[in-house]
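Same order as they appear, the protein sequences are chains V and H.
With the numbering used here as the guide, the letters of the first sequence map in order to residues 16 to 132.
With the numbering used here as the guide, the letters of the second sequence map in order to residues 4 to 236.
Hints in this document: simulated from the structure, not taken from any laboratory.
A few of these clues could be false.
Here are the in silico distance ranges between beta carbons for each label pair [stated by the list, open to error]: (1) H98(V) x L226(H): 20 to 26 Å; (2) Y47(V) x A43(H): 54 to 60 Å; (3) I94(V) x A130(H): 40 to 46 Å; (4) K46(V) x K126(H): 52 to 58 Å; (5) M137(H) x I21(V): 56 to 62 Å; (6) V102(V) x A130(H): 56 to 62 Å; (7) K44(V) x H166(H): 34 to 40 Å; (8) L106(V) x L53(H): 33 to 39 Å; (9) G73(V) x S144(H): 51 to 57 Å; (10) S104(V) x V219(H): 19 to 25 Å; (11) V222(H) x G73(V): 42 to 48 Å.
Small disclaimer: the values here were computed from a predicted structure and weren't measured.
Cβ coordinates follow ideal geometry from the N, Cα and C atoms, glycine included.
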Amino acid sequence: MDMIPILATLVSMVIFLSVLELIRRNRLKEKYSLLWLFSSLVLLWFSVSRKSLHYVAGYIGIQYPPSVIFLLGFLFLIIINIHFSTVISHLSDRNKTLAQEVGLLREVLEREKGFEK
Amino acid sequence: MKTLFIIPAFNEELNIRGVIEDIRGHVQGAAILVINDGSADATGNIAKDLGVTVISLPYNLGIGAAMQTGYHYAHMQGYDIAVQFDGDGQHRADQLDQLLEPLERGEADIVIGSRFLTKGMYKAEVARLVAIRMLSRIISSLVGQKITDPTSGLRAVNRRAMHLFCRCYPDDYPEPESLVLLHKAGFRIAEAPVHMEKRLLGNSSITLLRGVYYMVKVVLAVLVDMIKEVPRR
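Kindly generate the complete structure, drawing on both the sequences and the hints.
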């Protein structure tokens with residue numbers, strides 16, 4: 016009996032449930048978890064359904080069907096990483112704007128305090 | 004015209020006093036703003052004691068974001084011209100007239116103080132000169148006009164360019180990158196001859212290997228800038 020489908024099923028279920036649990040404990044925002052949930056569900060589907068796995072493998076010419084799961088996992092990781100890079104860029108932009116604003120406001124505040132003296 | 008001198012400074016306690024006094028010595032009643040970019044030393048206090056405006060950033064944002072803070076201030080306070088004047092003592096205030104004239108006459112939106120318009124005035128290591136020359140070629144061809152000193156931090160901009168810089172200003176290598184930005188947004192760039200000192204005190208941390216690495220990164224950054232979206236004027 017082939018162990019790979021069972022292992023793959025277990026792993027994708029663990030990913031799915033861990034992400035759900037992180038959301039439930041408010042340690043992960045929903046909007047950053049959607050890609051994870053989606054990826055783990057797709058992986059789960061291909062781990063369980065031998066038929067679709069073999070269909071996709073045959074369609075794109077992969078000799079060893081379980082490779083499809085690795086391929087998908089790899090693609091999802093790339094997509095999720097690019098997504099997070101954009102999130103980080105956005106955050107650092109906002110962070111910069113905030114820091115600049117703090118500097119500008121602090122200058123105004125100190126100037127007004129100076130006038131009061 | 005209302006002119007503001009913006010001095011970005013990161014740990015420049017040895018130089019900042021000299022820089023401020025130099026500007027004051029040449030420009031009566033100059034408005035000076037020091038952007039204290041998260042310095043760990045006395046830069047901010049020295050500047051405050053000299054009575055100039057100081058904006059202290061909560062942590063080191065880097066030269067690009069620090070200068071942008073200054074442009075925000077200049078724009079908000081209604082200045083007509085903002086001059087970037089480095090805090091390390093390289094720049095000198097005795098040739099500011101030539102820098103400001105094209106802006107006052109409305110002939111340019113930015114004037115760059117160039118070390119290379121007067122022959123043999125600027126002394127530096129050969130490697131640095133070669134690097135600047137190469138960068139000058141690249142930037143010149145990208146912006147379609149000769150720019151002899153694209154890395155010069157001594158520059159003056161009018162209100163329009165200030166406004167563009169408030170909306171977007173490069174973080175990493177702002178001197179060469181901003182030229183590409185201005186060109187793409189349709190602004191007029193001019194150069195004026197200036198002298199510069201080698202760094203007075205403290206060291207500019209550029210070695211040969213670092214210099215090559217710097218060049219590669221700048222060229223990449225500038226090429227990326229060419230394909231970026233910019234707000235039109």
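Hint compliance check: list the failing hint numbers for this structure, sorted ascending. Of the numbered hints given earlier, those the structure breaks are 2 and 6, listed in rising order.
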